[in-house]
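These protein sequences, in sequence, are chains G and X. No gaps in the numbering here: position 159 of the first sequence is 159 in my numbering, and each next residue is one more. No gaps in the numbering here: position 278 of the second sequence is 278 in my numbering, and each next residue is one more.
Please keep in mind that the hints were generated in silico from the structure rather than gathered at the bench. Incorrect hints may have been included.
To be verified - Keeping only pairs whose Cα atoms sit at most 25 Å apart, straight-line, the calculated SDA-like set for lysine to any residue is: (1) G:K519 with X:V157; (2) G:K330 with X:D136; (3) G:K508 with X:S296; (4) X:K30 with X:N54; (5) G:K519 with X:M293; (6) G:K472 with X:E338; (7) X:K160 with G:N293; (8) G:K198 with X:S107; (9) G:K385 with G:L432; (10) G:K198 with X:V157; (11) G:K294 with X:S164; (12) G:K209 with X:G108; (13) G:K154 with G:S541; (14) G:K508 with X:E338; (15) G:K519 with X:S296; (16) G:K519 with X:P62; (17) X:K158 with G:H212; (18) G:K294 with X:S112; (19) G:K209 with X:V156; (20) G:K532 with G:L445; (21) G:K508 with X:T323; (22) G:K198 with X:S112; (23) G:K385 with G:F349; (24) X:K105 with G:E207; (25) X:K105 with G:P206; (26) G:K209 with X:S106; (27) G:K576 with G:W45; (28) G:K508 with X:T325; (29) G:K209 with X:L70; (30) G:K198 with X:G108; (31) X:K105 with G:N254; (32) G:K209 with X:N69; (33) G:K390 with G:R35; (34) G:K532 with G:Y598; (35) G:K294 with X:D113; (36) G:K472 with X:G295; (37) G:K508 with X:V156; (38) G:K472 with X:Y273.
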Amino acid sequence: MLSLLFAFAFLTQAPLSQDTVKLTEVEVYAPAVDRYAQGQKVISWTKKELTVFQGKSLADLLQEQSPVFVRQYGAGMLASPSFRGTSAGHTAIFWNGLPINSPSLGQSDLSILPISAIDQISLQFGSAGALFGNEAIGGSVHLESKSSFGEGLKVGLSQQVGSFGMFNTHLSAGYSSTNLSSKTRVYREFSKNNFSYKDLGRFGTPEVKEDHAQFEQIGLVQDMAWNLTSRNQLKAAIWWNKTNREIQPVMGSNSLDQQEDQSVRAVLDYYHFGKNSIWNLKTGLVKDNQVFNKSLNQTRQYFFSGDWDQTFSDKWNTKLGIRYTLSKGKLSTYTADDSRVELYQSTTFHPNQKLELSLNLRQLIYAGIFAPFTPNLGMNWIFWKSSSQKVILKSSLGKGFKVPTLNDRFWEPGGNSQLLPEESVNGEIGILWSKSGKINWSNELTYYRMNVDNWIIWLPKGSFWSPTNIKKVNNQGIEYQGNLSGTLSSWSWSMNASYTYSKATTQKGIDENDQSVGKQLPYTPQQQANAKIQVTKSAFSGFVSTYYVGQRSVTADNPRMMPSYQLFNLGAGYDKLSIGKLQIPVTFQINNLFNTDYQVLYLRAMPGISYQFNLTILL
Amino acid sequence: MKLKHLLWASALLSVSFACSESGEEKPLGKYDNGILIMNEGNFGTNDGEVFHLNPNTEELLPAIFEEENLRPFAGLLEDMVLEADRLYLVANTGKVEIVNPADFKSSGAVASDLDQPRSLAVNGNKLFISDYGPYDADYATPDSYIAVVNGLDGGVVKTKIPVSDKPQDLFSFGNYIFVAGSQEKKIEIIDASQEKVITTINLEASPQQFYEEDGILWVYATTADNVIFYTLNLNTLALADSYSVAITDATEKIAFDNNDEMYILTSSNYPDYNDAVVAVKFENGLGIAKEIMTGSGFYGIGHDDDRDEVYVANANGFQGNGTVTILSETGSVIRSFEVGRGPSGFLVY
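In isolation and in its complexed conformation, chain G is listed as follows (with noise of 0.2 Å):
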């Protein structure tokens, strides 16, 4: 880990004493998510593997490939996600280390979180206040750009077209010297979705076409670095995200809603990489609008945060760090300020080639309030190995927070200015046996516990609805994750596959005629699993994937259960045509290839079978 980290700040220094005419490639720095993450659960996927995802959502991604549940309510509409059993503001987004949650909602949609605007996503598993701060407790999410210095020019451009209407079309271009990187990226993604369903809110149940669930997408993203000296590096990214959606209406309603969502983020990054250590100033901005029917409610948040990452030896490595954040909200039915400050610190050790400790602590205060102090400890122990094999025991233990949401808080009728910070405590146990060679392998199998208390519901309260602390949740689960490579002939395959069991019950209800107590959660799925081949010979490559989500509830008292469903995608590539100079990778992708009908929520109709086709220049 140690070495990792200064082979990035030696990299950037590198590249500076040599003849700028031949360029070395070197990767902008970057702080990786599980520096300080010792015994959590982390998964990650890079820009390759994220290229079948060209078109799609974050929440197509974690549906098809994690063990997260997504909560969609109709395709390319509102999607949530629910870490082991936790609800949608249960989940921390950061985007190049920006927390870009809604301050007002407390969560993100993963719908409008694009793909093709993202080069490197991590998931964290598990309550980790003291690392990531606010709102994680059921995980977090890790978007990054990843640039380059010393690639000389790249341009791209990407058109897919495919079913119900879809037509997406990719921009990119980028130069970097030594010196500066620069890469800009253009999108639009859009569909009708005018895709059949069966209408069950109809009288005879008629097959009919959605007609009021258009989707449209436009954004930009620059990326840029400088290093300024050889110990100075600048950071800068600017991601602009437009979405127009129809709002595909629940079966039996036939409402027209319209929803516009424009987001602006921009972060700024200065690193100086001293002698053992590295600082950082960070300031950024996220800014939301969003309209609803002509309601308008916007938000804003500024940050400012500085840390110093030290290493004193081979053995301790010690981060500490500051964070200013201040929130504005001017929503349809009130008008609010929010001004936090955190302070957290961490630590690791690594007593010998074996052990990794860490230590990881954060104190947040909003308005004048402490939020629940959040202490974490983590171990990655290898306690075997040999030259091809090892097994790794990693353990954690940590809390986790949500500081109550300005729409909790300010929401006129209903905002209730008592509330208490929802807390968690997490506990997980995980054990990862790897093997390298002919045929490559890795198993992991975690276990974990949670219990979250003070959960914030909302209420009907006479004639309007307002939060209260009122529920108490008790989450445990297994979490299966296995990898399995290798070459036959000439062909290299691959196998992945998940399996997760999560139990999330609800232990305190709302009074005593709630019947949810000791029953899952609604819309928590207590199985999932998803798995994927692929195969690559020389120029050609061919995956197939399927996932599957068990039986869930619609209400937390479980009278009604959703039933499971299996789906399947398949996809195939060629990727060395090519036109004098020019690259011409294409790509086919089925999707639902059995056409199953399914809802993820009760009556929100999704759709069948898809066609997409992919063709991109490369330059």
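Starting from the known structure of chain G, arrange chain X on it as the hints suggest.
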């Protein structure tokens, strides 16, 4: 998400439930006798349903629409109207489903061109459906209307008659449709043949429900501090008498028995959120009110004349199924049981 809460809150304010005004029709078959429990369902989930209770055996049949039609009701159930040997299930999510009250088999629907229907009345061979109309940018409903459909088994909306904001209950008599215009405190009278408003009566209180007994049309109306019972002369189409009773925070939920008594839900809202069931008895033209049950989360009320029992529905915060509590007319609890989501009214026959 919280926007939905706001919408829901406004829906709560204006929910109504109409009894069968004529009281003459009787269903036959599996659901021949008993009590239909209307479960409104949850906003955004459209899980409204009807439960059937046999009060003699206490047998409760859940979700009978889905049971008999093998598809979910898929709507927020606003009102149940038993007219012309048909049961009209009015969903404020934009449709009316029509079932045979004897076996609950679906026989038709009004499935398009409605926005937020609230109630329904039958006149001749026409259906009249009160509808708030669409929301504007400020969530107001300036284009409320009464939709007219030719044919008693549903079909397309033939015309929309503009009326005052937020029409609630409807009552059909002779060639007339009476409209309770809750927001602008009006009763509008529609000529059913001409399909237009011919008379408007202004009131001091918000009219919520009509109730006809012995040839007199009663109008239940509310203000912040009082409930007012108006009577209408059906020959002259003019107001006759009014009776005011001091009841604060009365909601639109009321159940009538046949002895000049009625049961009203009240809710104090912020900051205490106290709900109550208030019994009102008229003696010599004077209304006497008495609280017979207090609590929170009350969402519907009904009365069983045969057994002199009061049914109180509790939505339990819409987090799951609701509860029904049966009371004696003096407020003693007889029993409670779980029903569907958001129970909001009863049809006793």
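- Message: If you test the structure against every hint from before, which numbers come out violated?
- Response: Violated: hints 1, 5 and 37.
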